[in-house]
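Going line by line, the protein sequences match chains A and B. Using this note's numbering, the letters of the first sequence correspond one by one to residues 776 to 1042. Using this note's numbering, the letters of the second sequence correspond one by one to residues 5 to 109.
Careful: at least some of the hints might be erroneous.
[To be verified] In silico negatives: residues of chain B with every beta carbon more than 10 Å from chain A: (1) E52; (2) A76; (3) V100.
[As the list claims (entries may be wrong)] DMTMM-like cross-link-like pairs, simulated, lysine to aspartate or glutamate; straight-line CA separation at most 25 Å: (4) A/K949 <-> A/E1021; (5) A/K949 <-> B/D22; (6) A/K949 <-> B/D83; (7) A/K949 <-> B/D38; (8) A/K949 <-> B/E97; (9) A/K949 <-> B/E77; (10) A/K949 <-> B/E33; (11) A/K949 <-> B/D17; (12) A/K913 <-> A/D963.
Calculated from the structure, these hints are not laboratory results. Glycine residues also receive a C-beta, built at the ideal position from the N, C-alpha and C atoms.
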Amino acid sequence: MAMVDAGGIRLHVQRMAPAGGGTPGGTVVLVHGLLTDSLASYYFTVAPAFAAAGLDVVMYDLRGHGRSERPPLGYTLEHNIDDLTALLDRLGVTGPVHLVGNSYGGTIAFGYAVRRPERVATLTLVESEPATPAWARKLGGILHRVVTQLACNERDAIAWITAHRGHNTARLAKGAARLARETSLGRDIPASRVHTEAEIAAVRCPVLGIYGGDSDLADLVPLHEARLPDFRSVVLPGHEHSVLVEAPGAVGGHVLDLIRAGAGVVR
Amino acid sequence: MNPPAIPTQPAPDAVLADITGMLREVLAEYGDDDTAIGMSTTFNRDLELESIDLVTLAGMLEERYGGRVNLAEFLAGMDFEEIIELTVGRLVEYVVWSLRSAQAG
């Protein structure tokens, strides 16, 4: 396990080297989602295929998540973008990277592209969207429910989740409750600075949106098409928000298609 | 103390002992030192391991056996339900198979 100091915070990083040990055909950086998520959602799904395709794969746990350090404060989107910026600097990854973000991880990846457009070759948003006022309101509602219904009333909430969603989901929910109780995450994320429409439209790299057909986020495709200069999307029927772990073969294949279309050097 | 050398013909019992030791180390972080571990033990329900714990286990397996035992590739070939049902025995079989394949190759 590699812990990396990313500007004052210790983050858990995992890398997979390109298969065959040759010169990588690019670097892909994978950013996971909120609360119940960690880099494991990539490690055991799409990451091995990316390494086999000749890419240098970088995964990390967001602050507060997985094996990374959990400070009590500092959970706005800007903190997450700062962490990603510092981490890539620290790892010496300076060339344009292929960024993939799942759910909130995509919002972080998009924020990085707004801040450092010259450092992003392609951007894939899996079940995700840029930070806008509407996004902040939605996340505020979700996190308010997590804090009031789960973190503050954990025993009853976990009993209900165990009965209706099963043992595994209940254990994930316990972890989410702990994170919400121990940190300012629930307050900080909805209070994050969001992007202006001009900042969003200035992200000119190829952007791929991947959505579950049964997810509300698929409804945002026309909006993304209208506001982003170079956007394409894939909707995978029969899936909801967990499309990355449910359909990793399809998700990974579409990401590689996007990367190959631009670079032409990936095996 | 150094771990014992990897035997030329890896026996399932020896691999089970190795993996049990690794799991004890992971579980110790949760203050758990008495859960029984055997071939039919499941990672998810019995040991209550989270997927990030399996990333730690992947690192331990690579350290012990080298790159020929690749837990990421092994699990990436499974669907979500298979991973939930994964047993220690199935991992032991995979490790034994990987080590023998590496020797044959």
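Hints, one by one, checked against the model:
no. : hint               : in the structure
1   : E52                : 6 Å, violated
2   : A76                : 5 Å, violated
3   : V100               : 21 Å, holds
4   : A/K949 <-> A/E1021 : 22 Å, holds
5   : A/K949 <-> B/D22   : 30 Å, violated
6   : A/K949 <-> B/D83   : 24 Å, holds
7   : A/K949 <-> B/D38   : 22 Å, holds
8   : A/K949 <-> B/E97   : 32 Å, violated
9   : A/K949 <-> B/E77   : 28 Å, violated
10  : A/K949 <-> B/E33   : 17 Å, holds
11  : A/K949 <-> B/D17   : 35 Å, violated
12  : A/K913 <-> A/D963  : 14 Å, holds
Violated hints, listed in ascending order, are 1, 2, 5, 8, 9 and 11; each of the other numbered hints is respected by the structure.
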